[in-house]
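Protein chains: 2
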Amino acid sequence: MLKAEYKTRGLVPQDVIEAVSFDKPELKEGQVLLEMLAAPINPSDVLTLTGQYGILPPLPAIGGNEGVAKVIEHGPNVSSPDIGQTVLIPMGIGSWSTHIVADAKVLVSLPNGVDPIQLSMITINPPTASLMLSEFVDLQKGDWVIQNAANSGVGSYLIKLAKLRGIKTVNVVRRESLIKPLLAAGADVVLVDGIVDGLSLAKRVKAATDSAAIKLGIDAVGGSATDRLGGTLAEGATLVNYGAMSGEPCSLAPTVIIFKDITVRGFWLAKWFRTSTPEQQKGVFATIIGLIATGKLSAPIHATYSVKDIKQAVTIAASGQRNGKVVIVKE
Amino acid sequence: MLKAEYKTRGLVPQDVIEAVSFDKPELKEGQVLLEMLAAPINPSDVLTLTGQYGILPPLPAIGGNEGVAKVIEHGPNVSSPDIGQTVLIPMGIGSWSTHIVADAKVLVSLPNGVDPIQLSMITINPPTASLMLSEFVDLQKGDWVIQNAANSGVGSYLIKLAKLRGIKTVNVVRRESLIKPLLAAGADVVLVDGIVDGLSLAKRVKAATDSAAIKLGIDAVGGSATDRLGGTLAEGATLVNYGAMSGEPCSLAPTVIIFKDITVRGFWLAKWFRTSTPEQQKGVFATIIGLIATGKLSAPIHATYSVKDIKQAVTIAASGQRNGKVVIVKE
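Residue numbers (our numbering), protein chains in the order written: chain A, 1 to 331; chain B, 1 to 331.
Note that these hints are calculated values from the structure, not bench results. Check the hints yourself; a few may be wrong.
Since copy identity is lost for identical chains, a pair holds within one copy or between any two.
[Unchecked claim] Below 20 Å or equal to it, Euclidean Cα-Cα: the simulated DMTMM-like pairs (lysine to aspartate or glutamate) are:
(1) Lys260 - Glu248
(2) Lys160 - Asp143
(3) Lys271 - Glu235
(4) Lys271 - Asp261
(5) Lys24 - Asp227
Chain A with its partners taken away, still in its complex shape (with noise of 0.2 Å):
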């Protein structure tokens, strides 16, 4: 029994974070112990290890802000969820380790036989491309959505939704090798973000939307990317950031702030659970749940760890160039 702990943060994470040995305690009144499944590696847990995020946990700490796992042994007076049955974790539980234990009174049950490995994935990404597309603009069918770092979680999970709801996407990517991949996986348009061939990412949106008024624009990258796609959006448009994967503050020139009359606005996922009811947080999940138990719904996977591979896994999750998102699985 292993866990992923850090005990200071630093700017390199994958020196912070390390296996540990997870020692069972005695299940004590209404717990259960739980298998993890899976538990992915997302931005904005390198960025917690890192210290760059909003929220921070005391120290020391398990990584992991979500993820699947199985009961495997139910504490004193514990009748349900029934050993085996698939639950999500709770959400800041710490997820990069083998076994949890959790109270059983909060646990959510999942579709057992479902992949472990995209329902573990669906408390963030999912929920944050799914109201990123609903909660700023009201967008009908046919409109146009523009995304950059679309080959990230949240943009694969964000191309899906939106064709499911009709409304046509263009994608920036940094590498022309993503293009097929995002055509296949459901984009309309998939661009390589700056100049290309002499022309600006506007003017190429332009032709390749055949100039549609592109009413909200999705943001994760910051410096110059945001002016950039900034340029591509109608005037009154609202243009949306929710990461910053260049490092660097949002650039966005004054003239398209005002004489394209572009409203910028920030989504955060952790404000939203605060701020929501819980019937609007069933609702939204409830969808997800259902879309991918179904199949409709999933992002592409680059590679899969165990616990005590930690260090491997957050150095290949930090770095740049991957094509899906990095796991933490069962042994």
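With chain A's structure known, arrange chain B on it following the hints.
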């Protein structure tokens, strides 16, 4: 009779503008001849000369976009406004001229006997300041606002309009020498931008306002100044950009946009004119004219020039080291 004309646009604004002869045309039915009393040089006028503004008039064009004049001759079938009446010239007509021919019908009469220099600036800066205080955040008496470029025309009006409404202002400037004059003009707090005595702007704002929640930030500078302003704002606040005195794109950390849930908006007066009703416009101007006529609202004047010295006037207006507005006046 002279007019300040430009036939091309160029990055050195004083190189493209020049005083040329104004040949008075025969007045047609319904027209009047106006003698200009005063017309300011606004930052947007300079950007129109350099070609960096959102709307550019066809060339050749007369510089300037607002001002006041006196009716000195009636064309055929004109009976009002009276000869000698002070009037506001219509926007977009080119105000840096000793004389202007205009349709009598579109002229708005202003109170005679009020300082024409102060009256000449009412159509752009005061409504910009007034609307930025009212269009984005529902501010109550005692609420705090922060602005940079506090020594600009808009900045000076904003200090006074906020004070008249019981709203408190933090004013960010680049030079310590501006602190005293702005405090004397009604500013509640004046701080030099950047790090001072090892303390960030955000820390000094906290100390000076007793940690007040600042709900509105007003940015005319762009570049890293936008980020420093953003860092002083309360969670859920709005940051309004209306200019780019730094010449750089607005820079804003995703940690501010996302974790503090800051909304970034732009303000462009020309758009407000296009989208507001005549009643809304009359309401805003009636208030401003009343405040100026009674001496409650005024802006500092750096220097006045006549049309023949337009190159020198534009040189000074385009430089950063002014202590007030440059105004073109009757010789």
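query = For which of the previously enumerated hints does the structure constitute a violation, in increasing order of number?
reply = 5
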